[in-house]
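Asker: Given the coordinates of chain A, work out where chain B should sit on it, guided by the hints.
Now for the letters of each chain:
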Amino acid sequence: MAAPGAGGTDVLNELVGQSYKYGFVTDIEADTAPKGLSEEIVRFISARKDEPEWLLTWRLKAYHHWLTMPEPTWAKVSFPPLDYQDAYYYSAPKNLPKLESLDDIDPEIKRTYDKLGIPLHEQQILAGVAVDAVFDSVSVATTFKKKLEEYGVIFCPISEAVQKHPELVRKYLGSVVPYTDNKHATLNSAVFTDGSFVYVPPGVRCPMELSTYFRINAAKTGQFERTLIIADRGSYVSYLEGCTAPMRDENQLHAAVVELVALDDAEIKYSTVQNWYPGDEQGRGGIFNFVTKRGACRGRNSKISWTQVETGSAITWKYPSCILQGDNSVGEFYSIAITNNYQQADTGTKMIHLGRNTRSRIISKGISAGHGQQTYRGLVRVAARAEGARNHTQCDSLLIGSTCGAHTVPYIESHNRSAVVEHEATTSRISDDQLFYCRQRGLKLEDAVALVVNGFCRDVLQQLPMEFAVEAQKLVGISLEGSVG
Amino acid sequence: MLEIRDLHATVNGKAILKGLTLTVGAGEVHAIMGPNGAGKSTLAYVLAGRDGYEVTGGDFLVDGRSLLDLAPEDRAQAGLFLAFQYPVEIPGVSNSTFLREAVNAQRRSRGEPDLDALQFIKLARQKMNSLGMTDEMLKRPVNVGFSGGEKKRNEVLQLAILEPKVAVMDETDSGLDVDALRTVARAVNALRAPKRSFLMITHYERLLEEIVPDRVHILADGRIVGSGGPELAREIERTGYAAYAAAAA
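Protein sequences, first through last, are from chains A and B. Its first residue numbered 1, the first sequence is counted upward by one per residue in the numbering used here. Its first residue numbered 486, the second sequence is counted upward by one per residue in the numbering used here.
Think of the hints as simulated: they come from the structure by calculation, not from any bench. Backbone N, C-alpha and C define an ideal beta-carbon position, used for all residues, glycine too. Heads up, some of the hints might be wrong.
Unchecked claim - Cβ-Cβ distance ranges computed for the label pairs, FRET-style:
(1) A:D433 with B:D601: 26 to 32 Å
(2) B:S594 with A:T180: 58 to 64 Å
(3) A:E467 with B:R550: 41 to 47 Å
(4) B:D536 with A:V409: 33 to 39 Å
(5) B:P576 with A:Y411: 26 to 32 Å
(6) B:S615 with A:D433: 25 to 31 Å
(7) B:G596 with A:K145: 42 to 48 Å
(8) B:D536 with A:Y411: 40 to 46 Å
(9) B:D548 with A:G285: 46 to 52 Å
(10) B:I606 with A:V420: 38 to 44 Å
(11) A:E39 with B:P576: 53 to 59 Å
(12) A:E160 with B:R595: 51 to 57 Å
Claimed, not checked - Some, not all, of what chain A presents toward chain B, calculated at C-beta under 8 Å:
(13) R439
(14) Q440
(15) K444
(16) L451
(17) N454
Stated by the list, open to error - Calculated pairs, DSSO-like style, for lysine-lysine (alpha carbon to alpha carbon, straight line, at most 27 Å):
(18) B:K624 with A:K444
(19) A:K183 with A:K171
(20) B:K680 with B:K607
(21) A:K444 with A:K474
(22) A:K145 with A:K171
(23) A:K444 with B:K636
(24) A:K350 with A:K171
(25) B:K607 with A:K444
(26) B:K636 with B:K607
(27) B:K680 with B:K525
(28) B:K525 with B:K503
(29) A:K474 with B:K607
(30) A:K61 with A:K164
(31) A:K171 with A:K61
(32) B:K624 with A:K474
(33) A:K444 with B:K680
(34) A:K147 with A:K164
(35) A:K146 with A:K164
(36) A:K183 with A:K350
(37) A:K444 with B:K650
(38) B:K636 with B:K525
Only chain B is shown next, with the shape it has when bound in the complex:
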């Protein structure tokens, strides 16, 4: 479960989040929609603890524990996962090495023994099968030469293997054609779980046709200015954000 309480944050001294409050219950999927510049990606980076994103007030908790004072890796180990809008390339490092390092870092933080190469491959294959992916992706260097769809699928694969409590999906639909979007959405749907909370950050309603959220929130000028059920996303698709943006100003 994710609780965000009156969160304020600045980037380069400029206030971007101005009192954002939101709770995503265990097993729920919430969507955050909003116009460009509303602070959607800032929210994702603030939660993940990226340098340069400074929290000036408020708090946020995962399963009742505040992660605010933790380093990015400690937040990850506490169960927070961010699916990047622009997944990063790491030349020379195979996807399987990268994922195994990540899994083992998290296992160590829980006092569990490392997975060896064979155990890891077994786990990865099992996850990939359940998501309908081939393990060819494991051998390639992390995101290097991946198509837009492959990069996003790779994010979902990491999510599947790391099994976080809270997954923040930043513009997972951006840069995907319809088929790729469906593939990714199917994988995300398969990863919905009773103890897992999803926060889907998106620009368009399109993704929410495939991953139907429990709640939809409108973010404008650093605050939640409206919330509703899945129908709210459709309304926005018709009428745009203008009314909400005006309300926020």
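Same shape as in the complex, but just chain A:
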């Protein structure tokens, strides 16, 4: 065994030795791979998933490239260096210890569930309370799966898609976010375990918001989630990701990748509510959410719209972007980000205008409270051939208290004289006048804060699908509790 302070080679040897000791390459019954990252681990994951050779090769290319990559350093966030060898990269879905009833869970979490209005049986599942084998949402899920099949919509775990629709996965995986993209995305490419796959055939309007009824399943996706959504010609799909309920996870690093592809006349609407554990009030613990989300408007008249409500995580590093390749294609980014206590967020978007008459719209609402630090970082690039491109960006920051920070870093690169790029930015403070006015009418201080902030976020909230919007509004209030007064 390597002595403390031993060099990297020894550590690697130790890991390799361990791997053989447990024999996990061949023993596919193993539930958890040992700690650390190595080629063996990547092979293990691929084998565990019974993947075809091309996918293993792709993972390995990503892994070897990852070894050569520096950490991205341009975001305005600070955290100690990540120890990639002190983490697990594969564990089968775990059976959490079951609780007898909801009375056994942390009262703080129970209170939040109640405030969000989450139905009782969903609360039980989220909290890991033992429930009857057959509960409503399973039968609901089955019904909806049938309906999707009628329309020819494929909606399944990406690991299942690899087996059943390898031609689609192989064609599109990594086509928007290449495995060389950035250190976090490359890591994901090497070790992703699961995620969602959606394919909407030509001319089909997906008959329901995807994942609404799959919230509980989605809550169990792992730390290296990989999502791929393809909207074929003239199709439409709206996809909801995440959960308003606070989610805890012992894995600190989350590095997801989401790729969207919209072909001619297709539209994808992707909505996220992210409420991962943000750490405690002193800033201890909490998830590092380093996500790469990107959509390609490949076809003419295609459209991709990102809407996000980011309230959780200790650190959020996330730039859902659109590559506007097709002529007349449209990209949209609507964002609400809240940082309270010691949370940090560096988030924004990239709109890359390549096609003619492409249009993009960005509305970002950042709310900072406590010691929260938040940066909007956005790139609008207009290529030389993007005749007639237009962008409008509106970027508003709201400060609560005097110890938080808000920063706006817009990058604009225009290489076409006909392009029109507009950027508006405001920074304001929540006003005592507004809070007093609300309180004089009988609202409690925290309800007054929630009301004013929800008003500030209205332009973005109204982009969310209805059922998500109602929960998101409540979440905005809950996230800011204790920030004033």
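Answerer: This is chain B only, laid out in the frame that chain A set:
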């Protein structure tokens, strides 16, 4: 009924109210007049419990209960309403959302169930009809882009919906033309009720031609220095505050 007993208050360490005593009986309308700097708006904020307005002595009661130690929202729930001189804009929040939140906050404090959106709209329409207002105002964001007259009418609408025991009207006439003043005054008159007390804070006598008070008080240098019937307001209009200000000094 509103009782103010020997109230002393400071703002930024400066004494503004210096022993103010006043009782407005149930069903009565009283007016407080006074020169600039007499402490009129300070009185309104002190009653409503605004931060930075510190009570250093005395007390005040609504229907026999002291509200002094209560937070602003608890005072509101106890039946105290302040019509603001400068109503505040809340962008992105519709007037109907704002009012429904307020109504329901107060209902909850009384142990009553929330009104749902439909029940609320019904209540709001009924109140607006009785005040001669259109419900277009409900859809707009709170006070955003409202004219001076609309803002004051919106305050009166809130009063009508929240049905307080005590309504303090701070310079409700300021910034209004004659027509707008009449509209607002008519609405206030319609809201006079046997169990409701009004305290009208005003600068000019003009408003009191439209809303005839039971009593008029002169506030100067933080104290009531004279009281009388509605005729006192007319006298002030003729002679000004100089005599009272001198008496207070």
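Asker: Against each hint, give a clear statement of whether it holds in the structure.
Answerer: Hints, verified against the model:
At roughly 30 Å, the beta carbons of D433 (chain A) and D601 (chain B) sit within the given window of 26 to 32 Å. The hinted window of 58 to 64 Å between S594 (chain B) and T180 (chain A) holds, with their beta carbons roughly 60 Å apart. The beta-carbon spacing between E467 (chain A) and R550 (chain B), approximately 43 Å, falls within the hinted interval of 41 to 47 Å. A beta carbon spacing of about 35 Å between D536 (chain B) and V409 (chain A) agrees with the range 33 to 39 Å that was offered as a hint.
Look at P576 (chain B) against Y411 (chain A): about 28 Å separates their beta carbons, and that is inside 26 to 32 Å. The hinted range of 25 to 31 Å is satisfied by S615 (chain B) and D433 (chain A), whose Cβ atoms lie roughly 30 Å apart. Between G596 (chain B) and K145 (chain A) the CB atoms are about 45 Å apart, so this pair conforms to the stated range of 42 to 48 Å. The hinted range of 40 to 46 Å is satisfied by D536 (chain B) and Y411 (chain A), whose Cβ atoms lie roughly 41 Å apart.
Between D548 (chain B) and G285 (chain A) the CB atoms are about 50 Å apart, so this pair conforms to the stated range of 46 to 52 Å. I606 (chain B) and V420 (chain A) have their C-beta atoms about 42 Å apart, which keeps the hinted 38 to 44 Å range intact. Here the CB-CB span from E39 (chain A) to P576 (chain B) is close to 55 Å, well matched to the stated 53 to 59 Å. In this structure, E160 (chain A) and R595 (chain B) meet the distance hint of 51 to 57 Å, their C-beta atoms being roughly 55 Å apart.
This hint holds: R439 (chain A) has a C-beta 4 Å from the nearest C-beta of chain B, less than the 8 Å allowed. At a threshold of 8 Å, the smallest CB-CB gap from Q440 (chain A) to chain B is about 5 Å, leaving the interface hint in force. Here the hint on K444 (chain A) is kept, as its CB sits about 5 Å from the closest CB of chain B, short of 8 Å. At its closest, the beta carbon of L451 (chain A) sits 6 Å from a beta carbon of chain B; the interface hint therefore holds under the 8 Å criterion.
A hinted interface residue such as N454 (chain A) counts as satisfied when its beta carbon comes closer than 8 Å to some beta carbon of chain B; here the least separation is about 7 Å, so the hint holds. Distance hint between K624 (chain B) and K444 (chain A) is fulfilled; the C-alpha atoms sit about 23 Å from each other, no more than 27 Å. For the hint linking K183 (chain A) to K171 (chain A), the alpha-carbon distance of about 23 Å falls within 27 Å, and the restraint holds. Our distance criterion of 27 Å between C-alpha atoms is met by K680 (chain B) and K607 (chain B), whose separation comes to about 24 Å.
For a cut-off of 27 Å, the pair hint linking K444 (chain A) to K474 (chain A) stands: about 15 Å separates their Cα positions. Restraint check for K145 (chain A) and K171 (chain A): the C-alpha separation of about 24 Å stays at or below 27 Å, so the hint holds. Distance restraint check for K444 (chain A) and K636 (chain B): the Cα-Cα separation of roughly 23 Å lies within the 27 Å cut-off, and the hinted pair is therefore satisfied. As the CA atoms of K350 (chain A) and K171 (chain A) are separated by approximately 24 Å, the hinted pair is consistent with the 27 Å bound.
Restraint check: the Cα-Cα separation between K607 (chain B) and K444 (chain A) comes to about 25 Å, which is no more than 27 Å; the hinted pair holds. For the suggested pair K636 (chain B) and K607 (chain B), the alpha carbons sit about 22 Å apart, so the restraint of at most 27 Å is met. The hinted pair formed by K680 (chain B) and K525 (chain B) meets the criterion: a straight-line CA distance of about 24 Å does not exceed 27 Å. Between the alpha carbons of K525 (chain B) and K503 (chain B) the distance comes to roughly 12 Å, so the proposed pair stays at or under 27 Å and holds.
Among the hinted pairs, K474 (chain A) with K607 (chain B) is consistent with the structure: their alpha-carbon atoms are about 25 Å apart, no more than 27 Å. Restraint check for K61 (chain A) and K164 (chain A): the C-alpha separation of about 23 Å stays at or below 27 Å, so the hint holds. Among the hinted pairs, K171 (chain A) with K61 (chain A) is consistent with the structure: their alpha-carbon atoms are about 17 Å apart, no more than 27 Å. Only pairs whose Cα atoms come within 27 Å are accepted, and K624 (chain B) paired with K474 (chain A) is accepted, the gap being roughly 21 Å.
A hinted pair counts as satisfied when its Cα atoms are at most 27 Å apart, and K444 (chain A) with K680 (chain B) qualifies at roughly 26 Å. With a C-alpha separation of about 19 Å, the suggested pairing of K147 (chain A) with K164 (chain A) holds against the 27 Å cut-off. In summary, the hint linking K146 (chain A) to K164 (chain A) is supported, as the alpha carbons are separated by about 17 Å, within the 27 Å threshold. The suggested pairing of K183 (chain A) with K350 (chain A) holds, with an alpha-carbon distance near 18 Å, which does not exceed 27 Å.
For the hint pairing K444 (chain A) with K650 (chain B), the CA-to-CA distance comes to about 20 Å; that is within 27 Å, so the pair holds. Distance restraint check for K636 (chain B) and K525 (chain B): the Cα-Cα separation of roughly 20 Å lies within the 27 Å cut-off, and the hinted pair is therefore satisfied.
When each numbered hint is compared with the structure, no violation occurs for any of them.
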